[in-house]
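S.K.: Next come the chains, spelled out residue by residue.
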Amino acid sequence: MSKDDDTAREQGKYQPLSYFQLMEVTLRELLVEKGIVTEEEVQAEVEAMRRRTPERGARVVAKAWVDPQFKKRLLDNGSQACTELGIDVAALKLVVVENTPQTHNAIVCTLCSCYPRTLLGIPPDWYKSRNYRSRMVREPRAVLEEFGLKIDLQTTIRVHDSTADMRYMVLPMRPAGTDGWSEERLAALVNRDSMIGVAVPRGMRPAGNG
Amino acid sequence: MPQARFKPGEKVKVMQAYPLGHVRTPYYIRGCVGEIERLCGSFPNPEELAQMRDGLPPQPLYRVRFRQQEVWPDYRGSASDVLEVEIFQHWLEKA
Amino acid sequence: MIPRSHHDMGGLPAGKVERTEHDHAEWERRVDALAVLMGARKVTVDERRKNIEALPPEDYERMSYYERWIVSLAQSLLQRGVVTTEELARKMIEVERRAAG
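These protein sequence lines are chains A, B and C, in that order.
By our numbering, the letter at position 204 of the first sequence is numbered 204, and the numbering carries on one by one without gaps.
Convert by adding 1000 to the 1-based position in the second sequence; the result is the number in our numbering.
Convert by adding 2000 to the 1-based position in the third sequence; the result is the number in our numbering.
Since the hints were made in silico from the structure, they are not lab data.
Please read these numbers as outputs of a predicted model, since none were measured by experiment.
We put the beta carbon where it would ideally sit given N, CA and C, even for glycine.
Do not rely on the hints blindly, as some may be mistaken.
With a Cα cut of at most 25 angstroms, we get these calculated SDA-like pairs of lysine to any residue [to be verified]: (1) A:LYS72 - A:ALA91; (2) C:LYS2016 - B:ASP1074; (3) A:LYS71 - B:CYS1040; (4) B:LYS1007 - B:LEU1039; (5) A:LYS93 - C:VAL2045; (6) A:LYS72 - A:ASN191; (7) C:LYS2042 - B:LYS1007; (8) A:LYS93 - B:GLU1010.
Some but not every residue of chain A turned toward chain C, in silico, with C-beta under 8 angstroms [unchecked claim]: (9) THR26; (10) ARG28; (11) ILE36; (12) MET49; (13) THR110; (14) ILE122; (15) TRP126; (16) ARG130; (17) ARG135; (18) GLU146.
Could you build the full structure based on these sequences and the hints that come with them?
M.R.: And the structure:
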């Protein structure tokens, strides 16, 4: 019995299952009956995914900021570099793209919602939305402005459409005035949206670049 | 196993075809000319995997870089703005 | 819609990006988990994507992300013969009866 059902019963409220919730229960029970999966495996995977949060990506970014050799390895082979930090990314084929004063990167998946999930967790709703997926490849500057990020024309915008096996993460620029900061303190500046490319890290001015 | 035919920097054109089936080459990029940014490796063909076949042998997959102004006739932004898309070799021809 | 599939939307006109986020419900997380587990058992993401792309446009638009996933996973399992339509029907009736208490 799921936690949702338990809660509903505790509250004395019967929440009828939607067609799709019914389908989820149905498929799961059939797969368990057929010995294809177990309930424990499903729960374990739910928990594993819950533990995957943007903080993992933030650690990778902070390390790249303080360690130029790590950064080089990260840009060369993103997945391998993550495992150096003890971050299990499973089968992820990660490409890390670096923001510089000359170049700003942003990620989209026009065809569905490809995202480095095993590093950063489940993508936000807006990333999967029609409006983002349609417009980000065609008018990235307008979309970024809607996110509060104005990139001047001297800076090149590089949009990555994740159409196949690679998954992308932006390595944002390190905010000024953070010399000597610990990795932990730096990581706290790195928000999820800066790793998608629609924001800059906390502590950076959103207007312009750097 | 198909050989990787293109090298970074090489100019390629995306096949201008509109076949049925599961396709990972976006509609908007077909017929466009870009340059190879890198070879990503070789991977099973998603068009075949979608049909419950094994997609083997693996096909070379490239990141291809396009100038935004060459993809969209009305693009307003910097002339240096680019769009990078992963495209399988069988969708690419030498430009 | 032929020849341009409804899901292939890059470059089409669209509105302002609504920066909605929601805490995923448990059932949605379980859909995600099932998809991952079945992926390890060779039900590929490509098959599931194909099935999502085959949804009628109105359904694609009105269904939420995980609603599309669970339907496409069911279609994939049917196509592979892992489950049958009759099995689905009987189990759905059973689950509904049980949920109604």
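S.K.: Is it true that the CA of C:LYS2016 sits at most 25 angstroms from the CA of B:ASP1074?
M.R.: holds (19 angstroms)
S.K.: With a cut-off of 25 angstroms on the C-alpha distance, tell me whether C:LYS2042 and B:LYS1007 pass.
M.R.: Roughly 33 angstroms separates the two Cα atoms, so the pair is violated.
S.K.: Holds or violated: B:LYS1007 and B:LEU1039, Cα atoms, limit 25 angstroms.
M.R.: With Cα atoms ~7 angstroms apart, B:LYS1007 and B:LEU1039 stay inside 25 angstroms; holds.
S.K.: Can the hint on A:THR26 be confirmed by a CB-to-CB distance to chain C that is less than 8 angstroms?
M.R.: Nearest chain C Cβ about 5 angstroms off; hint holds.
S.K.: Tell me if the interface restraint on A:THR110 is satisfied: Cβ within less than 8 angstroms of some Cβ in chain C.
M.R.: holds (3 angstroms)
S.K.: Have a go at the A:MET49 hint: is there a Cβ in chain C nearer than 8 angstroms to its own Cβ?
M.R.: Status holds, d = 6 angstroms.
S.K.: A closest beta-carbon separation below 8 angstroms is what the hint needs, so does A:ARG135 meet it against chain C?
M.R.: holds (5 angstroms)
S.K.: With a cut-off of 8 angstroms, does the beta carbon of A:ILE36 approach a beta carbon of chain C closely enough for the hint to hold?
M.R.: Result: holds, 7 angstroms to nearest chain C Cβ.
S.K.: Given A:ARG130 as an interface hint, is the shortest Cβ-Cβ distance to chain C below 8 angstroms?
M.R.: Nearest chain C Cβ about 6 angstroms off; hint holds.
S.K.: Should the hint that A:TRP126 touches chain C count as held when the rule is a Cβ pair under 8 angstroms?
M.R.: Status holds, d = 5 angstroms.
S.K.: Is the interface hint for A:GLU146 satisfied, with its Cβ closer than 8 angstroms to some Cβ of chain C?
M.R.: Check passed: Cβ of A:GLU146 comes within 6 angstroms of chain C, closer than 8 angstroms.
S.K.: Regarding the pair A:LYS93 and B:GLU1010, is the alpha-carbon distance no greater than 25 angstroms?
M.R.: holds (24 angstroms)
Violation of the numbered hints given earlier is confined to hint 7; every other hint is satisfied by the structure.
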